[in-house]
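Asker: Given chain G, work out where chains F, H and S should sit, using these hints.
Chains as they are written, first to last, in my numbering: chain G, 8 to 417; chain F, 8 to 417; chain H, 8 to 417; chain S, 8 to 417.
Quick caveat, the hints were computed from the structure, so don't treat them as lab data. Quick reminder that beta carbons are idealized off the backbone N, C-alpha and C, glycines included. Hints should not be assumed to be uniformly reliable.
[Stated by the list, open to error] A few chain F residues that face chain S, going by a derived Cβ cut-off under 7 Å, partial list only: (1) Gly18; (2) Ile21; (3) Asp22; (4) Gly24; (5) Ser39; (6) Glu41; (7) Phe45; (8) Val47; (9) Arg49; (10) His50; (11) Arg144; (12) Arg171; (13) Phe179.
4 protein chains.
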Amino acid sequence: MTVSRTVELDGHIIDSGMMGQCFGIVMDMNGSFEVEEFEVGRHKDATSYCRMRVSADTEGDLQSIIHELHQNGANPADPRPASAEPAPGDRVVPAGFYSTTNHPTEVFYDGQWIPVDNIEMDCAVVLEEEDGEYTARTKVLNAIREDDLVVVGEAGIRVNPPERPRDGSGPFGFMQGGVSSERPSESLIREVAEALVETKREGGNVLVVAGPALIHSGAGDALADLVREGFVDALSAGNGFATHDIERGLYGTSLGMDMETMEHPRKGHKHHIYTISEVIRAGGIQEAVDAGLIEEGVMYECIENDVNYVLAGSIRDDGPLPDTITDAVEAQNAIREQAHEADLVLMLSTLLHSVAVGNCLPSTTKTVCVDINPATVTQLLDRGSSQAIGMVTDIGTFVPTLAEKVFEVE
Amino acid sequence: MTVSRTVELDGHIIDSGMMGQCFGIVMDMNGSFEVEEFEVGRHKDATSYCRMRVSADTEGDLQSIIHELHQNGANPADPRPASAEPAPGDRVVPAGFYSTTNHPTEVFYDGQWIPVDNIEMDCAVVLEEEDGEYTARTKVLNAIREDDLVVVGEAGIRVNPPERPRDGSGPFGFMQGGVSSERPSESLIREVAEALVETKREGGNVLVVAGPALIHSGAGDALADLVREGFVDALSAGNGFATHDIERGLYGTSLGMDMETMEHPRKGHKHHIYTISEVIRAGGIQEAVDAGLIEEGVMYECIENDVNYVLAGSIRDDGPLPDTITDAVEAQNAIREQAHEADLVLMLSTLLHSVAVGNCLPSTTKTVCVDINPATVTQLLDRGSSQAIGMVTDIGTFVPTLAEKVFEVE
Amino acid sequence: MTVSRTVELDGHIIDSGMMGQCFGIVMDMNGSFEVEEFEVGRHKDATSYCRMRVSADTEGDLQSIIHELHQNGANPADPRPASAEPAPGDRVVPAGFYSTTNHPTEVFYDGQWIPVDNIEMDCAVVLEEEDGEYTARTKVLNAIREDDLVVVGEAGIRVNPPERPRDGSGPFGFMQGGVSSERPSESLIREVAEALVETKREGGNVLVVAGPALIHSGAGDALADLVREGFVDALSAGNGFATHDIERGLYGTSLGMDMETMEHPRKGHKHHIYTISEVIRAGGIQEAVDAGLIEEGVMYECIENDVNYVLAGSIRDDGPLPDTITDAVEAQNAIREQAHEADLVLMLSTLLHSVAVGNCLPSTTKTVCVDINPATVTQLLDRGSSQAIGMVTDIGTFVPTLAEKVFEVE
Amino acid sequence: MTVSRTVELDGHIIDSGMMGQCFGIVMDMNGSFEVEEFEVGRHKDATSYCRMRVSADTEGDLQSIIHELHQNGANPADPRPASAEPAPGDRVVPAGFYSTTNHPTEVFYDGQWIPVDNIEMDCAVVLEEEDGEYTARTKVLNAIREDDLVVVGEAGIRVNPPERPRDGSGPFGFMQGGVSSERPSESLIREVAEALVETKREGGNVLVVAGPALIHSGAGDALADLVREGFVDALSAGNGFATHDIERGLYGTSLGMDMETMEHPRKGHKHHIYTISEVIRAGGIQEAVDAGLIEEGVMYECIENDVNYVLAGSIRDDGPLPDTITDAVEAQNAIREQAHEADLVLMLSTLLHSVAVGNCLPSTTKTVCVDINPATVTQLLDRGSSQAIGMVTDIGTFVPTLAEKVFEVE
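In isolation and in its complexed conformation, chain G is listed as follows:
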């Protein structure tokens, strides 16, 4: 006995690899398929359409195949309405809840296709009704409240993976995992600079995710310049980043009175603690800027230029600074807002914060990942933007070169 179901794909399904992947999935999972209708896009602006009947030996196998096809953009030909059940409790999902991909998604409910807002991976989809109109949005597990109407099963859901840009993808490789440390850096950095300038020109939002190595390696001034000149809309970092940045302003260049009692700059960790202590005494970074304690650096420029920043706490932190959000769930929520607004994300030498941001990004956001460790870059690219650049290089030279090129291009 075999069971079967019909699915459809449409759009630029050939060059985006969707159709090939779908054929491959069926075969890898020991199913079979029969193409019932196929219309090829005859030129690059024409879309293709494929309707195929997928068969498997058991209903379970078929469901597995359909699930996988679905994640890759093949949707059932006969959309039954989506099902939804109330959440059994706060932070509890009903059995069989639909878990999102990071691709644009729609739900067929109450007789129409409803787009899912704030798409992000591994979330539940919650339906909300107001004045007889339904809207849909993602919710992470801890945001679920008892009786939220949660979509279950896979019927009535349409996933739209990104398509290959028609006019070349520019520096952003389409769906490419490859990372090379041997690519000629200068020209690639220029292309990133151009993408950044163009994003801003179009009114887009640039989010910088940065780790403390950025400051250690001397790239703080260049990032501060980018913030001052308006090329950064939001900063996502941690307590260490902010402390190093402020400490560098306080102790790195001037030789004030405090330097004398602090004595020995060789093993600067004491400065680190003292910096935090002084900011705590002031009441926070804004207050420390207002009081004239902080006069330069990335955080200073964020304050002066009203750039939104999130400092997420970690169990490695000293202090922390009063601005640091120590609760992981609260911090995630703040990061989530930044991620949802971003059009271009620069992930600069931090795995932890980049993963946290990346978890909240839809597959349509452009990302640039830079780290000296190839494993970090690979891991970040694997998470799934369809338009991503990975560079294995020294952050201490990348950021100044980027800033230089941004100001040239501008």
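Answerer: Only chains F, H and S this time, still in chain G's reference frame:
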């Protein structure tokens, strides 16, 4: 004009490298020294003694040199009493506060040498008086309360770096940063097993710090065995570790009813979320064990055998589980307690949690760091236990081999 | 003005990704295409066919696009005969020589399609005539002789990239670059063992490429077992591998007279030199085995079981052993022969030798790459077998586990 | 029964760590010691002296300890003359031959201390007599000829490990294995530039060891500048480096006629082969420069400025170029000469060639290792210069920055 001060070293200062380091520090920092008295330990159980006059061009330079010597165990010959000042506010240290090393430390105050309790790096030392008796202990910045009596300056403080063990250091290299992936693993793992068994035989405390890769790589059963058999006193991990462990028990091997609705195990992330959801519904891990939901695995054994565990939250977490401590400061405090009680720490394939634990360890605690990434092992060993083993190997084979050898040796 | 040309694709061009790639290439290179005919394979055993007209602004652009399409299996619809020119000198190719891919290739010459023998990347194709019949084979640059008939241009050449296996690719991912250190090792190693046993059962040839870390990490005995039991047809290694293996037999376990004069096994490098010296004195490895000097180990088993071995020299070598081929070109030729005969290649903890072997492999040979360094595994997988497994793990546990499973499965 | 022997140390044995290491060795190897005489250097320019009696349970244990002490600079107090035996054959050493360290070494023979020329690790020491005068020099195994007079045993040999520089070691850390990617690059690169300029000012010899990544990453022009301006005395590289460099000159920037027939620069490997082919046709690099084929680049500047270069072959090579030394032993000999003449060695993004050069260096040569892979840097630093700098950074920015600073400093 030159200024000078006299410092002393005693103990096994030659083979522990202290004396060589102190000579080197003076020269590297452009000072000079004059050995006023030197008594060499003529055999391996005899200690040596060195008193030397250190000179520099300026008081500032001299202070820098003395600070550095001090960190390495050279103490002023004429101990003046330590100074202390009240903290100007909650989480604020007085200017010039003394910032600790991770070596055993004493403070000369109120006419006597007081040992500093709970020694750990980058803390302040707080003096407390009760019935006219002073005690001293470390406090991290966020534990400081207004008017705490905080030691300032470096006078009256004695640091005692660990000495090379007289009878060979066994597998734990003394003060060695070197990490090799080429060492014959079998025999080294046996030595770690022997150290673990011996620690337990002597009533010591074994802390395991573990990352989710341990579960992914199939080493969960072996760790669960070690917990069940009493070789683990505490577990320090994260939300991901616990969720993967529980999920594996729930979905990995059995084929319960839920499996059917959950459909496709290929991209298990949905299981991950559902596992957390079900534990939340139960009320927590203990409750889920009591209810029979969790019947095996590392967390199960921790519950059944009353093994203390800390699950520290992170901004990468899904969920999280109710047991996860989401506040970074609370989580650090819980980790700190684990670290202070440990005699032997196994750091298994997690950089984040290992650094958090390592930050709280005195230099005298034995540590074993295992990771497939040499950079992780190097970073952990650099943090400063004097008795550490680093192994670059696959955690999925290390833990089962370790468990096997522990049960053989036992 | 636009210029255009018609190309064809046929076979399993959808699921193998060829058609998607070809569409993508045209767009990325700013060309356009018009699909003139398209027949989809309606089920998994049916092939597809696509004929499309590709256009570009200039003849140069078009050539570039056609070249790239060609490398990916799109062949001109109207095959003109291939051109060929005599090589102008020894080790000199004519301008515009055709440089091979590692995919099966045919040349249209003298009125028929001639398969190219010994396909391997970055070679010239040389046509040879005997009794009026032409044959074609690859030649590396240094094998070219004056007046060799070398194919030039891209006309009349058909490249056939491998297609996705119809019945799932087993453990060998089809065209996947991804490497994971988190995959459950045990089951994957079992699948490799099964592939190895199956290869031998079908009369195939297994080539092991091994680095010295294999011996250091204690996996020598397990590899020797595999050789003894007939699971290895050829060994490709270096002077270091063989020396470590022999040295281990000579000094590692026994305590002969030489041990006493050699004194201190702690820094064994002297053993290393002395081992080579003694094998030189004997006249070579075969002679040293005959004389009873070498009584165990991988090299011993290779001699005893007539397993072909190539020891390629390197500028890092000590000695070297008389068996080591010190000339790089000669060594490459020997490696080339091994590679051409292999059906399954295990690349074990050596980048240098694995790259050398990989350079000579057609894309149809199955490869397994194992190294503790993820960058090494990634680099090897990138070179292009269509059926490859990469594992980031400790070679010291991989080989013994593999051997165990091979003997179980057998 | 215990056996014992007396050893001496003198020089700056405390700050160089020698004395501490020697004490440690005795204890780690379960021996004991009795310091018979000790004179401490009372200030930084005064040397220390230690005579100690070392005891162990068996003669074998004692020999092991004495061997290890000896490697670290502790020499027998009662130097017996060295023994020497004729080599039993070409490339065969007598049993018990003395295997060198990379430290300056003397042999007591024929009544006097003879310095060993061309000191390098893992060699034999050969004594040669002329007019009744003995000289000593190192020979690698394959240079040994029958009847060469080879030193055996450890009597009569004095090893002198380098001492810590009295005036600070500048950027070159003394005996430090540590490598950091977080150090502020700019200032460190400046210090390297200063060391380079100073070496040339003092008439020293600068050897650059370079891998192909240097060209890929766009740093070729900067290295060519350094060669042209006389800051490089010798270049040690491989076939790939030279080919990439020449190919870049030929195809990278100009758009000559050949470009048209070569068609598509996207996958440049065909250029690579064709470049080699054209240089072969010319007869070699010198001839290709003379003929005007090569007009720029690193190799061009080497030819024009009479900079000695060695291109060592490898089994990974295409071609190779006629200048490439394909025989590993010949190539090693050429590298050995370069290494022996060098005062400062820059190892730039190549593990293979750097190890080959490093094997031939005495411990007194300054080395700078730069690679994006921390494991490469660590491995190179471990090999033992006492004055080494390791930097984990992108070679594509390091070399241009270095060149810029060299021209500034000059």
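Asker: Against each hint, give a clear statement of whether it holds in the structure.
Answerer: Structure-based check of all given hints:
1. Gly18: 12 Å, violated
2. Ile21: It holds, given that the least Cβ distance between Ile21 of chain F and chain S is near 5 Å, below 7 Å.
3. Asp22: 4 Å, holds
4. Gly24: 5 Å, holds
5. Ser39: 6 Å, holds
6. Glu41: With a minimum Cβ separation of about 5 Å from chain S (threshold 7 Å), the hint on Glu41 of chain F holds.
7. Phe45: 4 Å, holds
8. Val47: 4 Å, holds
9. Arg49: 4 Å, holds
10. His50: 5 Å, holds
11. Arg144: Violated. Min distance 32 Å.
12. Arg171: Holds, because the Cβ-Cβ distance from Arg171 of chain F to chain S comes to roughly 6 Å (cut-off 7 Å).
13. Phe179: 12 Å, violated
Hints 1, 11, 13, counting from the list given before, are not met by this structure.
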